[in-house]
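Engineer: Sequence:
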Amino acid sequence: MWALPYYTPTSRSLGLEMLAPCCGVPRFLLVLLGPMLFAAGWAAAESQATLHELEKEPAYWDAQARATLGAALRLRPRDHQARNLILFLGDGMGVSTVSAARILRGQMEGGSGEETMLAMDTFPYVALSKTYSVDKQVADSASTATAYHCGVKANAKTLGLNANAVAYECNTTFGNEVYSVLRRAKAQGKSVGIVTTTRVQHASPAASYAHSVSRSWYSDSDLPESAIEQGCVDIAAQLVTNVDIDVILGGGRMYMTPRGTLDPEYPTSNSRKGDRNDKRNLIDVWLNAEPNKRSRYVWNKREFDEINIKTTDRLMGLFEPKDMKFEVFRNSTRDPSIVEMTEKAIQILSKNPNGYFLFVEDEWRIDHGHHDSVAKLALTETVMFDRAIQRAAQLTRESDTLTVVTADHSHVFTFGGNTPRGNPIFGLAPKNADDGMPFTSILYANGPGYIHVNGSRENITMVDYNDDEYMQQAAVPLDAETHGGEDVAIYAKGPMAHLFHGVKEQNYIAHVMAYAACLEPYRTCPRTPTHSSSPAVKSPSNLLFFLLWTSSAPERDLRELRSDFWYNKGRQALFTAMNVQPNIKKAKNMILFIGDGMGVPTVTAARMLKGQLGGRTGEEADLVMDTFPHLALSKTYNVDKQMPDSAGTATAYQCGVKANYGTLGVNAATPRYNCNATFGNEVTSVLHRAKKAGKSVGIVTTTRVQHASPGASYAHIANRGWYADSDLSPEAVAGGCRDIAHQLVYNTEIDVILGGGRQYMYPKTMQDPEYPTSRGSREDGRNLILEWVKDKTNVKYVWEKSEFDSVNPSHTDFLMGLFEPKDCRYELDRDPKMDPSLTEMTEKAIQILSKNPKGFFLFVEDNGRIDHAHHGGMAKRALYETVEFDQAIGRAAELTSELDTLTVVSADHSHVFAFGGDSPRGNPVLGVSSLLAEDKKHFTTAVYGNGPGYQIANGTRPDVNETISSDKDYRQQAAVPLDSETHGIDDVAIYAKGPMSHLFHGVQEQSYIAHVLAYAACIEPYDDCNLPNHAGSIHPSLQLLLLAASLFSLCSF
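What the sequence shown shows, in the numbering used here, is residues 821 to 1873, in sequence order.
No lab work stands behind these hints, which were simulated from the structure alone. Predicted model only: the values in this text are computed from it and were never measured. Treat the hints with care, since some could be wrong.
As the list claims (entries may be wrong) - As a list, the in silico BS3-like pairs of lysine-lysine whose alpha-carbon atoms are at most 27 angstroms apart:
{"hint": "1", "residue 1": "LYS1006", "residue 2": "LYS1171"}
{"hint": "2", "residue 1": "LYS1584", "residue 2": "LYS1616"}
{"hint": "3", "residue 1": "LYS1610", "residue 2": "LYS1671"}
{"hint": "4", "residue 1": "LYS1145", "residue 2": "LYS1006"}
Just need the whole structure built from these sequences, with the hints factored in.
Structural biologist: Here's what the structure looks like:
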């Protein structure tokens, strides 16, 4: 049942039947070597140019997807105890940073970059983490560290304390301490260590051992007198007294020695002398703490290299007075790298037969790089961090080591700009901005890169933007760029790694690590393999709590201040994860929701907006898509573009083949606008294959139905803009190419078509029924609506809401509804008397399509309007569209069963949209930051990297207030002036539930989506998948009620 058919020259594949020869690469060799090429990566090709030629062949993407699908089918959860735990923390490493670092690493190794896989990309399980703290919408590194180390969300600036502790108030420390996984691991006999490229007293490692109301109380000289009187202890002292940490590597030696102690590396520097007022040498305290163990202290690379791991039980290495140097500036003869420190730590810790816990943090330097708006420093650090992850993988076994990679928060870092494939990651966008000056593809929403000269942004024509310390431009002037508020990724492998799934609160990380290693409070976890997909839950009280918890009041209250609130929330999420069973039945129905432009920042901001519209603070809310159990990340580049468009991406997720920018339903051998190259290079969509298999099919969109996203499901065309015959170029007409509207009617019989775009269906002589001054676009005199209706039974065409409402699904087999001449209106502008909502259209489509006993395929896209709003720099419109999109997802869930319907939610690409600004908890997501910028003016938390929101009035940017920013047409400020804001290049999320949804995992090429859909439904090319049909089933909500009833009966004893 789990085996894939062999990949042979006669195998049918997505697009394989239309192969064309290319560049002297024999077809049979491509077919046979495709899997090996992907196993070896792009380096297997003779050159980068050869790789790009191979990418033009559907067989290349088919082989890649089949290999990935085969690996996903063979993937089995490791449901036994973890001996070792490694937590890699990227301080500030958001999804956009990871995506950019991937490209950088590939370019450093001689590739174009986009196709590269980071070490963390290869981890089989991915989740998203909600990073807010109890008192902040945009969190800091201290509160987030408390969450992922200790399993409890906290207040900003505080370490190892619950939210009853108030920043800087020492007397709120006592009684509010919470304890880390590191401490619990040590208590059970494991060795423990911390490795960081910052000071070892920094917030991220400090939360593993310290309890402090101030993250900046590094030494006793930093404590105010009142804190000393009340008994608070500095972080450095807690480092050597709270927990016996076996390996400590990083910077921060000045906080460990008495005031005035000369630094061994910088003996003439007064600013680097020892800092302690209590005259204690904490290095000596640590060395003498375990007299029966062989302890060593080093402060330079030579001493570090001389350490004999066989004769060393404990090691402290402090290589700088404060933070270690950026990787770009590191002296390799004096300071070890993060890779070398990680290797040494593992070698020492792994001698313990009980196992170990290791915390590794490189990202404080990434974080610093972003705060300084110096992307080269941040991304170079990320690449080195990934190499440390890779080295750890070489030194450990996945069978007994749970390795988790995540970030504490993101940054307002964006990259886009219509860049071609292989564009240098620190390079320029190919076209100048509207002010006639060039701009880099990387930009910040705020930060010190805001530099204006004579009332205009800096002209970088003569600037070395490849310099190690070049500051990328920013939209808002701040002395330090701020954190971002969006979700960050969790990558995991090893025992119990499968428990990382979906969208989770950040404190969940500590609970999974503790459970995986059978640490307190999860001492009763499975200790040996159970050979099942997930461990059994033995405690009915946990289940009872879960059921009671989900019925509790939704609004945030003072419960968040208590540790038990977060402990119980973590237990609830863990219970849910342990009971997620893969549904390996065949999918009867498939629904693909695509958010055009819905990147991770958009999803997170929309979640907050949804919560705030419901009267809550917003951060703790859940979108419907957040509740989907399976999650992956998708790489969105086109074959010829680093920054993709909606056409090339739609071909990928609809047809399983990556394509060129601007082309639909054809492989990458078709250049844009080249009509003649269309023929023989067509690729086939899941929609077409579903129809061929006897299923009903439909498309629903709030844009024109001829738009790129739905268009790839039925059309094959060299230019996404050829909506009607009047849009075709003379060469295309002469070459026999057909417009998209024509193909909508004649390529595949689509049962339900709902959206806009009626003007492309009418002749130019025909008046629009709603707007009498508007006419059709067609020059051929044809009325394609009448042609679609012809010869169909039980068919309806509607163009306004009352007609739509009158459609009886029971008596309707075919429905076309075109409610606007072009795109449907934004949700904020929609007239509910004239146009149905996306939710209403989705509902009607499902009701009609679900009558088919063989099932259906439905494509739903709201985000053409999200995309349009982002292009216009209007965040309010974009986020309201996303909220409506999520409501449609929720309605679809109510109308279908997860047991036989595979539902997938994803995006085609992201946008250069970011939100941050040190905003407090509950700050209106579209509101004004609590900070003032360096120009003493206000700014919104939501900002764009580029776009039409760039404004200069009287030589400076305009001020903004809540009244201005709340207008639906307000354009958020941008760093670079463009008439249309550009797409982003960062990965987007895939959310999935239903049959075979567990095949969505890890980091995937976007073309993988189509293959999973086809495999799950056993349609071509996977019609021999042999998946069993699902027998009669109970709707999940009814199942939950029955489970609750039985549980209450059990607990009555």
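Engineer: Is LYS1145 within 27 angstroms of LYS1006, Cα to Cα?
Structural biologist: Violated - the C-alpha atoms of LYS1006 and LYS1145 are around 30 angstroms apart, more than 27 angstroms.
Engineer: Just to be careful, I want the Cα atoms of LYS1610 and LYS1671 compared with a cutoff of 27 angstroms; is the pair within it?
Structural biologist: holds, 22 angstroms
Engineer: Can the restraint linking LYS1006 and LYS1171 be considered satisfied, given a maximum Cα separation of 27 angstroms?
Structural biologist: holds, 14 angstroms
Engineer: Below or equal to 27 angstroms on CA atoms is what counts here, so check LYS1584 against LYS1616.
Structural biologist: Measuring from Cα to Cα gives roughly 23 angstroms; hence the hint holds.
Comparing the model with each earlier hint shows a violation of hint 4 alone; every other hint is respected.
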